[in-house]
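Protein chains: 2
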Amino acid sequence: MKRIAVDMDGVLADVYEQFFRLDEQATGKRKTLESVIGVMELEAFELGMQHVLSDNFFRTAPVMKDSQKILEQLNKQYEVFIVSSATEFPKSLTEKQAWLGEHFPFIGWKQMVFCGSKTIVQADIMIDDHFKNLNHFNGQTILFSQPHNQLTDAGKHTRVSTWKEIEHLLL
Amino acid sequence: MKRIAVDMDGVLADVYEQFFRLDEQATGKRKTLESVIGVMELEAFELGMQHVLSDNFFRTAPVMKDSQKILEQLNKQYEVFIVSSATEFPKSLTEKQAWLGEHFPFIGWKQMVFCGSKTIVQADIMIDDHFKNLNHFNGQTILFSQPHNQLTDAGKHTRVSTWKEIEHLLL
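Top to bottom, those sequences are chains A and B. For the first sequence, my numbering begins at 1 and goes up steadily by one. For the second sequence, my numbering begins at 1001 and goes up steadily by one.
Bound-form chain A, shown alone (with noise of 0.2 Å):
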């Protein structure tokens, strides 16, 4: 069976929708979409590392769509981790762990990790938003499209903006 190491922010969970949400809510004006393609979250929200601090920041993140019933799929025919930077933000632990337990709660504790680097994995398939975990990986290589990447090119990755997508490849 193939194992799957499947990022949660950017991926399962849309953190942009949450800083989108959280910056309106502050300033009273939401930002456009355009505004902030092709540069990194936390430069791109101004409160950015205020919101990512704050708490439940990870706990009430949305969940990105079609994800659920496809991660589902993909945990019956795939030996699935998910793989989340989380120790960067110690607060996020637990929230991440409880956000996993209600959305996805086929997922089990065995599971999980919750690291810093992502060196560390060992796998078949990574689908992660950001290059510098998907570089290093020896094996298939998933970029999950987010504004922050879209002006990259994928290179040897498989770009795919929907988890419709990521069906169709490994389903």
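Every clue listed holds true.
Keeping only pairs whose Cα atoms sit at most 30 Å apart, straight-line, the calculated BS3-like set for lysine-lysine is:
1) B:K1076 with A:K132
2) B:K1002 with A:K132
3) B:K1132 with A:K110
4) B:K1156 with A:K110
Just so you know, the hints here were simulated from the structure itself, not pulled from any lab data.
Knowing the structure of chain A, use the given hints to seat chain B on it.
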């Protein structure tokens, strides 16, 4: 630079001493070391699960003798990752990170991995007290002696009983 995956409980953190202490507080009598040899921790201590689930069990665990100064040396010559099974007890995640920050401040957030199964770990050397983690690992395996593993032959793994022995092996 070779990569080492170092376990926390039973290798860096003296969880047996924590169990002995809490058990003595609850029962008024300290168990003998002999009475827990060859038995898994949660079977050896009747209130073990209750202790593990209580606040601060992991946060206040004693540090294993000599581990701080020897791990600090290893950290200069190897790529060190601390890999801890933690997601079974979600509260332990932030406690473990805070504990590492207090006792091993030279370990950065990028070097921490909190997971359920260690099958996903890619490294050259693994130091662990559990056969279930070492047996599937492809690199060099060092079994840290703890009461639960003392009656089992180490097999292909190198058994050590102290951090001084790790120093002699790896430094």
